[in-house]
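> Sequence:
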Amino acid sequence: MLAGLCAGFAALLAAAPAGAANEDRAKVAVEIGVTDERGNELRFVADGVALGEVKRVLRVADQHEHEVEFSMRKADDGRLSLALTYELDGKRFASARDVAVTASEPVRIEGEGCALVFLARPAHTKIEIGDSDDPLAGL
34 MLAGLCAGFA ALLAAAPAGA ANEDRAKVAV EIGVTDERGN ELRFVADGVA
84 LGEVKRVLRV ADQHEHEVEF SMRKADDGRL SLALTYELDG KRFASARDVA
134 VTASEPVRIE GEGCALVFLA RPAHTKIEIG DSDDPLAGL
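Here our numbering is used: the first residue of the sequence shown is 34, the next is one more, and so on.
One should not assume that every hint holds.
To be verified - With a Cα cut of at most 20 Å, we get these calculated SDA-like pairs of lysine to any residue: (1) Lys124 x Lys60; (2) Lys124 x Asn73; (3) Lys88 x Val150; (4) Lys60 x Ala108; (5) Lys124 x Val82; (6) Lys88 x Leu152; (7) Lys107 x Gly81; (8) Lys107 x Glu86; (9) Lys88 x Glu98; (10) Lys88 x Gly146; (11) Lys60 x Asp109; (12) Lys60 x Glu102; (13) Lys88 x Leu121; (14) Lys60 x Pro139; (15) Lys107 x Val140; (16) Lys60 x Glu74.
Read the hints as simulated data drawn from the structure, not as lab findings. Keep in mind the model is a prediction, meaning the values are calculated, not measured.
Based on the provided sequences and hints, a complete structural model is requested.
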């Protein structure tokens, strides 16, 4: 099952423009919330995810294995294009491809008995402090 999923992500990434490889290495922070039909919520967080990278996040909660796998690339219109799957105990409950995502705007994806909310925003960057006598280091 995962082999087919990875092949789908590989096809999505292969569709990225050839010159975009370096540009697509920008880092983003991602939050994914999953809510099932009973109202149970589970949150996934991934920081420093590179565009074009296939990211897999696995959590065990209430003796169940929850897995989210996603990949983002920069689309031709400048937005992010998302491919995502959610599996519970090895069974796929949600899958989406080529979903347009704008930074810092949540996207809702409906699944079988569940809903996912995906949010991507620029990752926090580390501030470099130079060798200066300035107590604020140029901030």
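> Each hint needs a verdict: does it hold in this structure or not?
Consistency of the hints with the structure:
{"no.": "1", "hint": "Lys124 x Lys60", "result": "violated, 30 Å"}
{"no.": "2", "hint": "Lys124 x Asn73", "result": "holds, 18 Å"}
{"no.": "3", "hint": "Lys88 x Val150", "result": "holds, 16 Å"}
{"no.": "4", "hint": "Lys60 x Ala108", "result": "holds, 15 Å"}
{"no.": "5", "hint": "Lys124 x Val82", "result": "violated, 25 Å"}
{"no.": "6", "hint": "Lys88 x Leu152", "result": "holds, 14 Å"}
{"no.": "7", "hint": "Lys107 x Gly81", "result": "holds, 16 Å"}
{"no.": "8", "hint": "Lys107 x Glu86", "result": "holds, 12 Å"}
{"no.": "9", "hint": "Lys88 x Glu98", "result": "holds, 16 Å"}
{"no.": "10", "hint": "Lys88 x Gly146", "result": "violated, 23 Å"}
{"no.": "11", "hint": "Lys60 x Asp109", "result": "holds, 18 Å"}
{"no.": "12", "hint": "Lys60 x Glu102", "result": "holds, 17 Å"}
{"no.": "13", "hint": "Lys88 x Leu121", "result": "holds, 17 Å"}
{"no.": "14", "hint": "Lys60 x Pro139", "result": "holds, 17 Å"}
{"no.": "15", "hint": "Lys107 x Val140", "result": "holds, 16 Å"}
{"no.": "16", "hint": "Lys60 x Glu74", "result": "violated, 26 Å"}
Violated hints for the displayed structure, listed by number in ascending order: 1, 5, 10, 16.
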